[in-house]
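Asker: Sequence:
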Amino acid sequence: MQVKLNVIVAAAVALAAGSVYAEDLVVKIGHVGPTSGGIAHLGKDNENGARMAIDELNAKGVMIGGKKAKFELLAEDDAADPKQGTAAAQKLVDEKVNGVIGHLNSGTTIPASKIYSDAGIPQISPSATNPKYTRQGFKTTFRVVADDVHLGGTLGKYAVTTLKGKTIAVIDDRTAYGQGVADEFEKGVKAAGGKVVKREFTNDKATDFTAILTSIKGTKPDLVFYGGMDAVAGPMLRQMKQLGLSAKFMGGDGICTGELPKLAAGTMADDQVVCAEAGGIDQNDKAAVKAMEDFRAKFKKKFGADVQIYAPYVYDATNVMVAAMEKAGSADPAKYLPVLAKTTGYKGVTGVISFDEKGDIKNGALTLYTYKGGVKTSLGVVH
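Numbers -22 to -1, 1 to 361, taken from mature numbering (1 follows the signal peptide of the UniProt record, and there is no 0), label the letters of the sequence shown in order.
There's no promise every hint is true.
[What the hints assert, rightly or not] Below 25 Å or equal to it, Euclidean Cα-Cα: the simulated DMTMM-like pairs (lysine to aspartate or glutamate) are: (1) K117 to E73; (2) K325 to D284; (3) K276 to E50.
These are calculated hints, taken from the structure and not from any lab test.
Put together the whole structure using the sequences plus the hints.
Answerer: Now the structure itself:
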C-alpha cells in the first residue's frame, strides 16, 4: 500500500513540475553582428554584451504576463556583409524570435531592417549610426546611440575649432557607415568655416593605401579623417607613418576602439588620433561612472576580455526590450512594440534612454577620445 502511495505522490510531483515547466514563457532574442572577418573582435564584443544581459535576466527570474520568462539568445554572424546580414535576418524571422538586437554595421542593419519590419519584429541597433536606418518609416526600428548627423557634424566642428585644422583630407570606405559619417564630417567642417582639400575613398577590405595617402600628402594636410572601421584605420596609420605623413588622424566610433593601437602596430603618436564614440558617461556623474566601471569589471570577469566599445549598449538595448515586454505583460511583438516605442527615462549603464518618434535616442551623447601611450583616453562628453 505504501509503495502504491509513493508512486501516486511521485506522479503528482512530476505532474506539478511539468505544469510549472509548461507555464514558463520561452522568449527568443536574436543578436546579429560580425563574429567573423576583419572586425570580428567588435562583433564578439557586441554578442557578449547580449549574452551577459540574457544570463542576468534568466538568473533574476523575470515575470512577463504572470509567467516566468526563460530567455534564449539566438546569435547570428553577418560578417559585416549586407547579403549575409539579410540572410541572418530572415533566419531569425523564420525562428520566430520575439525581438532582435543588432546589427552592428549600418550597411547590414539597414537592409535587414526591412525584413524585421515586414515581420513586425522590433529591432534595436546598439551601434548603427547612419541616419537612414530610422528614417525609412518603419515602426520597428530603434537605436541607443546618436546618429552620424550628430557624430560626424560634431567631429567636423571639433576638427576646425579645437584642433585648428586648416587643410583637411577625408577618406571613406564606401560602406553605409563610412561614407555616411565622412559626409557628415565634411558638412561639419564647412559649417565651422573649414575647408576639405581632398576627398578619397577605399573599401572595407583594403590593405594598401599608398596611392591614396601619397595623393593626400601632396596637399600637406594637417588633419586626415577616415570614415570606416579600426581594421582598416590601423594599417592606414602604419602607412601614414611610413610615408612621413604626420597629420592628426580623426574618425568616428568605428575606429574608436581598444584594438586600434595594436592594429596600428605602435605607430600612433600620443594625441595624434581623435575619435568619437556614439555615447558615453559624464565623468562628473559619480553614479554613472560607477555603473559603467562595475559593468566593465563584470564583463571582464565573465568573458576574460575588456569591453571593446559597444557591449554596454547591447546590454542596455537587450534590457530595454525586455523592460517593454514586462510593462506590456507580453513578449508578443505586436503587443510590446507600442510600449517599447514610448520608452522614456530608462536608466541603463550607458545613460538614460528615451526614444523619439523615429526610434532614435533622445539627446544622444558623444564622447571624444584620444590615445596616450597606446591607451584610449577620454576628452569629455558632448551632447
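Asker: None of the hints should be skipped; say for each whether it holds.
Answerer: Cross-check of the supplied hints:
1. K117 to E73: 21 Å, holds
2. K325 to D284: Within the cut-off at roughly 23 Å; holds.
3. K276 to E50: 21 Å, holds
Hint violations for this structure: none, all hints satisfied.
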